[in-house]
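**Student:** Residues per chain are reported as follows:
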Amino acid sequence: MLQKPRFLLQEVCKYATTGTVLLLAAIAMFPFIWMILTSFKTLAEINLIPPRLFPADWKLSNYSAAWMKPESTFSRYFLNTIVVAGLGTCIQLFVCILLAFSLTHFSYPGRDIFFTLVLVTLMIPYDVTLIPNFITIRSFPLAGGNDIFGSGGKGFYDSYMGIMLPFFADGFSIFLLRQAFKSVPGDYWAAAQVDGMHNFGYLWRVLVPIAGPTVVTAGLLSFIGKWNGVLWPLLITSRESLRPLQVGLLYFISEEGHYYHHLMAAATFTVLPIVIVYFFSSNAFSEAISSSGIKG
Amino acid sequence: MNGIIDNELHPSILVQKLPVRSAQNDLSLGKKRRKRIQLLKGLAYASPGMLLLCIFRIWPMFFGAYISFFKWGFFKERFVGFKNYIDIFTSDLLYADPQLGTQLGGFGKSLLVTLNYTAGTVPTSILLSFIIAYILFYRYRGRGRSILRTIFFLPYITSQVASMMVFKWIFHPQVGIVNSILATTPIGRQQWFSDPEPVLVKLLELLRVSWPEGVPLELAGPSFALVIIMMFSVWHSVGFNTVIFLAGFSNLSKEIIDASKIDGAGGWKRIRYVILPLLSPTIFFLSIISLITSFESFNAFYVFSNGEGSPLGTTMALPLYIFKNFYVYGRTGYASALAVVLFLIIFGFTLIQRHVAEKQVHYEQEK
Chain L
1 MLQKPRFLLQ EVCKYATTGT VLLLAAIAMF PFIWMILTSF KTLAEINLIP PRLFPADWKL
61 SNYSAAWMKP ESTFSRYFLN TIVVAGLGTC IQLFVCILLA FSLTHFSYPG RDIFFTLVLV
121 TLMIPYDVTL IPNFITIRSF PLAGGNDIFG SGGKGFYDSY MGIMLPFFAD GFSIFLLRQA
181 FKSVPGDYWA AAQVDGMHNF GYLWRVLVPI AGPTVVTAGL LSFIGKWNGV LWPLLITSRE
241 SLRPLQVGLL YFISEEGHYY HHLMAAATFT VLPIVIVYFF SSNAFSEAIS SSGIKG
Chain H
1 MNGIIDNELH PSILVQKLPV RSAQNDLSLG KKRRKRIQLL KGLAYASPGM LLLCIFRIWP
61 MFFGAYISFF KWGFFKERFV GFKNYIDIFT SDLLYADPQL GTQLGGFGKS LLVTLNYTAG
121 TVPTSILLSF IIAYILFYRY RGRGRSILRT IFFLPYITSQ VASMMVFKWI FHPQVGIVNS
181 ILATTPIGRQ QWFSDPEPVL VKLLELLRVS WPEGVPLELA GPSFALVIIM MFSVWHSVGF
241 NTVIFLAGFS NLSKEIIDAS KIDGAGGWKR IRYVILPLLS PTIFFLSIIS LITSFESFNA
301 FYVFSNGEGS PLGTTMALPL YIFKNFYVYG RTGYASALAV VLFLIIFGFT LIQRHVAEKQ
361 VHYEQEK
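Chains as they are written, first to last, in our numbering: chain L, 1 to 296; chain H, 1 to 367.
None of these hints come from the bench; they were simulated from the model. One should not assume that every hint holds.
Unchecked claim - So the derived label-pair ranges between C-beta atoms look like this:
1. L:112 - H:173: 53 to 61 Å
2. L:64 - H:83: 38 to 46 Å
3. L:187 - H:32: 25 to 33 Å
4. L:18 - H:350: 50 to 58 Å
5. L:42 - H:143: 49 to 57 Å
6. H:306 - L:186: 54 to 62 Å
7. L:54 - H:182: 15 to 23 Å
8. L:184 - H:89: 32 to 40 Å
9. L:22 - H:98: 56 to 64 Å
Every residue gets a Cβ at the ideal spot worked out from N, C-alpha and C, and that includes glycine.
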């Protein structure tokens, strides 16, 4: 008989916890929902007091208006971002996989120093590297009219290379990949050797497929970072035709000011691609994080 | 591609002892020679990555420090020694005003903004994501757990420019949805973007108490505008922390949790005495990462007021202040000195955290 009130309490607790999580999820989703709803409204509708939840008429005109806006050419911005994020991610993965492989597969003096250096880069704040990197990129030897001492021209300033180059090697990706490669048993290497494979073939045809989820995760994080990057592209570009999406969006905000229905439409189509990419890779992502052994 | 992994070795191959020719284990090569090949190959694979890391991550630390000792505009002008640092601490952190006494300068104000922001966001985000992850992992029995996880993670992957704009729209002073709801309550509409008054003063006003004389107004917390950025930041970061916590929970050994159940440690006690100590390395990792991220937050601040730090500099965070000095005023040397100071502050905080953690963090024995 004594059990009964306690049982009731547990029931209440169960519903309370489920309710809390659902409520928090609703709060987390609200900005997205509000963004999409607003992007379909007319100027008159967004200025209603009190606001109306749903637009009276679902039309795509805000999207075309935002996309076609003469001062902003979103198709160009998209192209720039696809080049920077796509190509940048591929090169970053290539460079980081090679380094992670070197840190786990070979044994040589200095290997541990390399790994320590990789960990040190994780602790260096981004803003500290900003100004020196700007100068390094602008006075990169033998690039953009520079002589061998890095003066005379503008280096990689205002070029795709300038936007991408500083982010090809990323400490966190290297760390994740190393942990994944390290957990692959050495038997695979022995077996691969029997099959006549050498290091390079073993890396790309055995190790990378086995560590698939981690490679996908490193790629995903890198892609998201490059897609959403603002500060560095803002610094390093001046031509309008080179602006990536986020910088374009910044300029669009200052042009459009208070036309929030256009701004929300632009926000929706900048966010959408990354959400789609994430939905296709989210399983690999959670798998890789739980097996990376992140503990501090 | 799959053939290599799927084809199991036939036992007969092993019996025959096929000669395996490779640098690593070819016994016909001398030991010295093998070592040299390991070194050369290892360096070859490592070099592109290490070179890039050194040029764009390690070298900037030293180069930045070097720049900070110069008067440096668009180009290097002349060596000035510690002048930039002296300027930071004697006129930019605090300065003496003939009428008002000691006042916070631009750097001091922005440091205060960043400290307020960090104190408000880091603990909130970690606590909230712990609760979410705990419920999702141990309590939630409904369907769609992975969908919920995805929902909480979505804010983290969306562009800060786009989502900050949505937040501004939600808090729009005239037609925003928050003010429309507040208009129906006794609190009434608020000037979210233009009211520079700190929230603690506001709170006391609501209770009809005025701010105590003699206590500096700097202690009265963030302005409404900064609170919005803080809410944004918590919304943005909770998903990432939740994923890390979920990974931490799934790595906890199930036996210990079950044992604690048998020992009668229910809900709260189990969290306090079993889960939290076991999870302390994860919490430590998150607190360090969050602290660094919080001190280098730029995007949300920049988008919020288009880089102006309005109202009255209450959203001029330290990274934004450095950016302005560098990009708008063209004071490269001075901005570099500020960045070095920022780095030292972060470094100091990390050391303190580590010191505290040494007593608190419980590392499982490696098996």
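**Student:** State for each hint whether it applies.
**Tutor:** The hints, checked one at a time:
1. The hinted range of 53 to 61 Å is satisfied by residue 112 (chain L) and residue 173 (chain H), whose Cβ atoms lie roughly 57 Å apart.
2. Range check, residue 64 (chain L) to residue 83 (chain H): Cβ separation about 55 Å, and the 38 to 46 Å hint is violated.
3. Hint check: residue 187 (chain L) to residue 32 (chain H), Cβ distance near 27 Å, so the stated range 25 to 33 Å holds.
4. Separated by about 38 Å at the C-beta atoms, residue 18 (chain L) and residue 350 (chain H) break the suggested range of 50 to 58 Å.
5. At about 38 Å, the beta-carbon gap between residue 42 (chain L) and residue 143 (chain H) misses the expected band of 49 to 57 Å.
6. Evaluation of the 54 to 62 Å hint for residue 306 (chain H) and residue 186 (chain L) yields a pass: the beta carbon distance comes to about 56 Å.
7. Range check, residue 54 (chain L) to residue 182 (chain H): Cβ separation about 22 Å, and the 15 to 23 Å hint holds.
8. At about 52 Å, the CB distance of residue 184 (chain L) to residue 89 (chain H) disagrees with the hint of 32 to 40 Å.
9. For residue 22 (chain L) paired with residue 98 (chain H), a C-beta distance near 59 Å keeps the hint of 56 to 64 Å intact.
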